[in-house]
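Q: Letter by letter, the chains look like this.
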Amino acid sequence: MQFYFELASTSKIGSNKNENTFDRGAPTLDRSLFLLSKGLIVQNRGMRLTRWLWWTPSIVILGAASPTEQVDFGKDIRPILAQKCVPCHSEGGSGPFALQTFAQARKRGDLIRLVSLTGQMPPTDARSDLVSLTPHQPLIGTELRTIQEWFRLGMPEGAKTKPLPTPEKRKPFVSDHVVVAQVGKGQAIPSEGRSATVVYPINSLSGQVGYLGYFSFQPDAPKAVRQVVLAVQRPGQQPPFTQTGLRPGTSYAVWSDGFNPWQSGSGYISVEKEDRLWLRVIAVPTGKPEPASGLMTFGREYRSDKVQTKTMGNDTFVVEAEKIVTLRDEWVLDQDIDLISILPEARFVTDQVRFIAKSGTGEKLVAMVHTWDATWPGAYNFAKPLRLRKGTSLIYEASVPNTKHGHAAEDEKSQTLRFGPRSTDELFSCHINYIPR
Amino acid sequence: MILAALTATVLAYQQLPMPTIPVAKISIADAGGVVRQLPTSAKATVLFFVAIDCPIANRMAPELARIVRAYRPKNISFLFVYVDPAHSGQQVQQHLREYKLGAPGIRDAKHSVIKAVGASVTPQAVVLDKTGLMLYRGRINDLFIEHGRSRKLPKTQDLRNALDQFLAGRPIKVPQTAALGCSIPPLS
Numbered sequence: 001m002q003f004y005f006e007l008a009s010t011s012k013i014g015s016n017k018n019e020n021t022f023d024r025g026a027p028t029l030d031r032s033l034f035l036l037s038k039g040l041i042v043q044n045r046g047m048r049l050t051r052w053l054w055w056t057p058s059i060v061i062l063g064a065a066s067p068t069e070q071v072d073f074g075k076d077i078r079p080i081l082a083q084k085c086v087p088c089h090s091e092g093g094s095g096p097f098a099l100q101t102f103a104q105a106r107k108r109g110d111l112i113r114l115v116s117l118t119g120q121m122p123p124t125d126a127r128s129d130l131v132s133l134t135p136h137q138p139l140i141g142t143e144l145r146t147i148q149e150w151f152r153l154g155m156p157e158g159a160k161t162k163p164l165p166t167p168e169k170r171k172p173f174v175s176d177h178v179v180v181a182q183v184g185k186g187q188a189i190p191s192e193g194r195s196a197t198v199v200y201p202i203n204s205l206s207g208q209v210g211y212l213g214y215f216s217f218q219p220d221a222p223k224a225v226r227q228v229v230l231a232v233q234r235p236g237q238q239p240p241f242t243q244t245g246l247r248p249g250t251s252y253a254v255w256s257d258g259f260n261p262w263q264s265g266s267g268y269i270s271v272e273k274e275d276r277l278w279l280r281v282i283a284v285p286t287g288k289p290e291p292a293s294g295l296m297t298f299g300r301e302y303r304s305d306k307v308q309t310k311t312m313g314n315d316t317f318v319v320e321a322e323k324i325v326t327l328r329d330e331w332v333l334d335q336d337i338d339l340i341s342i343l344p345e346a347r348f349v350t351d352q353v354r355f356i357a358k359s360g361t362g363e364k365l366v367a368m369v370h371t372w373d374a375t376w377p378g379a380y381n382f383a384k385p386l387r388l389r390k391g392t393s394l395i396y397e398a399s400v401p402n403t404k405h406g407h408a409a410e411d412e413k414s415q416t417l418r419f420g421p422r423s424t425d426e427l428f429s430c431h432i433n434y435i436p437r
Numbered sequence: 001m002i003l004a005a006l007t008a009t010v011l012a013y014q015q016l017p018m019p020t021i022p023v024a025k026i027s028i029a030d031a032g033g034v035v036r037q038l039p040t041s042a043k044a045t046v047l048f049f050v051a052i053d054c055p056i057a058n059r060m061a062p063e064l065a066r067i068v069r070a071y072r073p074k075n076i077s078f079l080f081v082y083v084d085p086a087h088s089g090q091q092v093q094q095h096l097r098e099y100k101l102g103a104p105g106i107r108d109a110k111h112s113v114i115k116a117v118g119a120s121v122t123p124q125a126v127v128l129d130k131t132g133l134m135l136y137r138g139r140i141n142d143l144f145i146e147h148g149r150s151r152k153l154p155k156t157q158d159l160r161n162a163l164d165q166f167l168a169g170r171p172i173k174v175p176q177t178a179a180l181g182c183s184i185p186p187l188s
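Residue numbers (the numbering used here), protein chains in the order written: chain L, 1 to 437; chain X, 1 to 188.
The shape of chain L in the complex, shown without the other chains:
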């Protein structure tokens, strides 16, 4: 089985071959809509001056309404919801409300229209030039047009349909090699704030793990919990989580529900008897206290591969007020590696993160999250390990528009931005799980 990639191609980052979300058989109109919607996603937070662009799709949409076949819920909207929304927006799911019936969709019609058009939903996706990565499915042009048209027609129901089924909760897989444990009893997520972080140690599991093959989490508060990071404290080390992120070099695994079913858990890490496990729960407060606890599952896999963790970025950056900068860090590989997963960390001013591989022959996008959203953090796993050759430069970049347009609130004045623990501070780091070859 071969899976390494040689940086021999000279094609540039811009010529991305992965735009397979667009149906090439569709009329040109769809393509322009699709590209516009892409542009719109990129500009979502950073450059509000270009919002005039947003008009264009809606004008085109109105002009393109087909007079013969009327859009309705049962025939057109329900299949889109089933594929792109209901995985989270179901009874008991991580979305704040369900979208399984006509009545539920009609109630949220204006919101569905708005957040689909602005690219807020489905939440942040990532793409790569090199290997498939979290195949997150944004809405494509025809779907956007259908939603707009449905809303314009006053949200007709069409033929009566059954409620969409609630996705089955995946039961923990149980075997001798799997550890299942209820953790975090009594740990609470505060009721208010833009985002919240709860860190706690797991004392009951010391010495039970062995080699960690995968990690999964079933939060007791699925609507609040966005991401859970499991990290290992080695003997003699400080606890793995600092006030702001992970200590460099820490072994970690990540679970993010918001990305299901587009993303699975973790990389591979070894846990020895004397190690201590910690969890960091990142949540969006819901208005009442919620538990930070949940059911944790991990597999004890015995592999010969030794996974290591590299932390890129720095905590010394300074971004002056009203400046737009790109923060950059570079790691030149001194050996061949297999890249397994990356975990970017940033907060509210950063609007895009990129991870680039550069060799003598060209550069390629390893991964890009094109609309960074601090309330939807996640780790990005490669569908299969990506081999990178010795001598390759791995470059981690974050765009930080420290202008009032770049802030979560446009009228929040921009100030000198630094690394720090407050939600108004910024982070610039990326943790990388890899196996040396």
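Simulated from the structure, these hints should not be mistaken for laboratory data.
A hint or two may mislead.
[Said to hold, decoys possible] Listed below are the simulated DSS-like cross-link pairs for lysine-lysine, each with C-alpha atoms no more than 27 Å apart in a straight line:
| id | chain 1 | residue 1 | chain 2 | residue 2 |
| --- | --- | --- | --- | --- |
| 1 | X | 155 | L | 404 |
| 2 | X | 152 | L | 288 |
| 3 | L | 413 | X | 173 |
| 4 | X | 152 | L | 323 |
| 5 | L | 185 | X | 100 |
Being a predicted model, the structure only gives us computed values, none of them experimental.
Here the structure of chain L is known, so what remains is to put chain X in place on it, guided by the hints.
A: What follows is chain X alone, placed relative to chain L:
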């Protein structure tokens, strides 16, 4: 721009002219079965329009509860108006308890209160004086800027300002603001 246009639409819809005559007298049973009369005999009545499954209204809940605690001793009466007829009285009671809202709630199943005061989204506040004259209609504060974006802390406490000005016997400077949240769909 579309956002701006949408906001403008919402604004246009919300900024119905403030009624200059008292709103009609309404009597409606609360979720506990007690019949509530509007307007109440308190100095002023604050109606909070909320929905059990509106995440924006829910995230505002701690502040709503604080406002109830702060102003009830000043003879201001509070009533939570649940806008979705699909939710039962029991669900309303449970929601009031879960979010510790500290005031009674009604299910406005026929949208009689919503129509009488021109409410359009949750969360939204309407303040009526003893005679039923509308003193304020709009957002609680400016925590939310648009869907998916919020401030770290609100900058303007619109409802608190209006209540403070009313209690001090001064005219209310900003009697109407645009509320942002989940729109209240018309009854089907």
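Q: Decide, hint by hint, whether the structure agrees.
A: Now for the hints, and whether the structure bears them out:
1. 155/X with 404/L: holds (15 Å)
2. 152/X with 288/L: The hint holds at about 17 Å.
3. 413/L with 173/X: holds (25 Å)
4. 152/X with 323/L: Given that 27 Å is the threshold and the Cα spacing comes to 21 Å, the pair holds.
5. 185/L with 100/X: holds (22 Å)
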